[in-house]
Amino acid sequence: MAILAAHNLTKEFPGILANDRVNFSVEPGEVHVLLGENGAGKTTLMNMLYGLISPTSGEIRVKDQAVNFASPNDAIKQGIGMVHQHFMLVPVFTVTENIVLGVEATEKRSSWFRGLGVLDRTSPEVKIRELAEKFSLKVDPQALVGDLPVGIQQKVEIIKALYRGAQVLILDEPTAVLTPQEATELFDVIHALTAQGMAAILITHKLKEVMAIADRISVMHQGRMVGTVTPTATDESQLAEMMVGRKVILQVEKAPSQPGEVVLEVSNLTVTDDRQQQAVSGVSLMVQAGEILGIAGVQGNGQTELVEAITGLRTASAGTVRILGEDFTKAPPRKIIEAGVGHIPEDREKHGLVKNYFLSDNMALCTYYQEPFAQGVVLQQSAIQAQADRLIPAFDVRPANPMAMAGTLSGGNKQKVIIAREMSRGAKLLIAAQPTRGVDVGSIEFIHQHIVTA
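Heads up: the sequence shown runs through residues 398 to 851, numbered per my numbering.
Just to be clear, a hint being listed does not mean it is correct.
As the list claims (entries may be wrong) - Below, simulated DSS-like cross-link-like pairs (lysine-lysine); rule was C-alpha separation at most 27 angstroms, straight line:
| id | residue 1 | residue 2 |
| --- | --- | --- |
| 1 | 535 | 603 |
| 2 | 651 | 825 |
| 3 | 531 | 474 |
| 4 | 460 | 474 |
| 5 | 747 | 825 |
| 6 | 732 | 825 |
| 7 | 605 | 651 |
| 8 | 535 | 605 |
| 9 | 605 | 644 |
| 10 | 644 | 603 |
| 11 | 651 | 603 |
| 12 | 727 | 825 |
| 13 | 531 | 460 |
| 14 | 727 | 747 |
| 15 | 524 | 535 |
| 16 | 524 | 474 |
| 17 | 732 | 747 |
| 18 | 603 | 747 |
| 19 | 732 | 752 |
Note that these hints are calculated values from the structure, not bench results.
Required output: the full structure, derived from the provided sequences and hints.
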């Protein structure tokens, strides 16, 4: 018997049929992976199963009993937990405080505390340590969350769900920000959970991981469930074709580079992070026109600060950044943009988009004050609209509506909006931090081809 099931779930938003009579289930002890291209309806389905949004029609069943979730609290009471792609943690709180937030136990132990809501950290911490040990989740309950690497923060989110009694764990793009070693650790945790009879639902685009961890694989396309298979009955190429409705070339053909003039030269750059700790120490690099320079490393080892220093979002404490021979070390972002630098940021939510702006406005964000988008101080809405009408189909942004709010898009389609904007304005240098994070295989193919041919 399925521990959680969706029967003919449909969800309509104004002008969009996000889910169309979707059927989906997960069994105790099972890892069920949900695949689909960006905008296929995966996150909408999971948000309904977690009570974040209500279905237009259809039924959700827990252990074969019909349920109606008015909020995530209702889903949590039924044993459903969710780890979102963007963690829901308070950086200045400890691990324990984050985990018990919303379910705090209070005591009045003496007249000294009488009348005050005093958080009882003792028994929660004991339970947290027990859960961490049981499922090999190495977490210090007293550590500040803001001091923890992203892989450990994810473990905190998992413990938070387990602490609330989750029997079904939904994980949205769980390995998007993890190193390969951290991803392996996560899979070990998931196997430990399912060995205890729990169920896990994963949303991901990484086909190698799907084949390694899934018991069943369901694929959505344009709001509909197109099939459910097992890893032994399929392969990566077939899954990719099911996702996007066509064959996908998973390898990039790249001709030898023919380097031209020096576009970027970084010399002895030193940069501090938000805690005033040295994140980048004496880094030097050079990029020539016509070549692609890749920078690899474990998340949290200075890549973010390096990119921010080059793009003007953070001031370097030492060293120089030269673009086309001119010193831009202390230049603001606008000057760097005007010098011909495009930037696909690591955090699209924070630095890439204005979520309550239209798609058309977001596609003109960097150059809205220049012609043809402005005449003096007056915005030219017709030009802004015309650019969106051109870029939306060219980069397959969904929904194909220039007046849609950017915040309503799936993560992958938000990324497409940023990539469309930055690749369409003739930049001489493109700084791309995690350009394919959270993007489906068809879009990865598209983005790689554009980077190679840029």
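Given the hinted pair residue 747 and residue 825, is their alpha-carbon gap at most 27 angstroms?
holds (24 angstroms)
Hinted pair, alpha-carbon criterion (27 angstroms max): residue 605, residue 651. Please report holds or violated.
Given pair residue 605, residue 651 holds - Cα atoms ~22 angstroms apart, limit 27 angstroms.
Sort out whether residue 603 lies within 27 angstroms of residue 644, counting only the CA atoms.
Answer holds: residue 644 to residue 603 is near 16 angstroms, not above 27 angstroms.
Within 27 angstroms, alpha carbon to alpha carbon, are residue 605 and residue 644?
holds (17 angstroms)
Hint check: residue 524 vs residue 474, CA-CA at most 27 angstroms. Holds or violated?
Holds, because 18 angstroms separates the two Cα atoms, which is no more than 27 angstroms.
Is residue 535 close enough to residue 603, meaning Cα to Cα at most 27 angstroms?
holds (25 angstroms)
Regarding the pair residue 603 and residue 747, is the alpha-carbon distance no greater than 27 angstroms?
holds (24 angstroms)
Given the hint that residue 524 pairs with residue 535, does the C-alpha gap stay at or below 27 angstroms?
holds (14 angstroms)
Check the hint pairing residue 651 with residue 825 against an upper bound of 27 angstroms on the C-alpha distance.
holds (19 angstroms)
Sort out whether residue 747 lies within 27 angstroms of residue 732, counting only the CA atoms.
Cα-Cα ~20 angstroms, so holds.
Holds or violated: residue 535 and residue 605, Cα atoms, limit 27 angstroms.
holds (26 angstroms)
Given pair status - residue 460, residue 531, alpha carbons within 27 angstroms:
Judged against 27 angstroms, a Cα distance of about 25 angstroms means the pair holds.
When the structure is compared with the earlier hints, no violation turns up for any of them.
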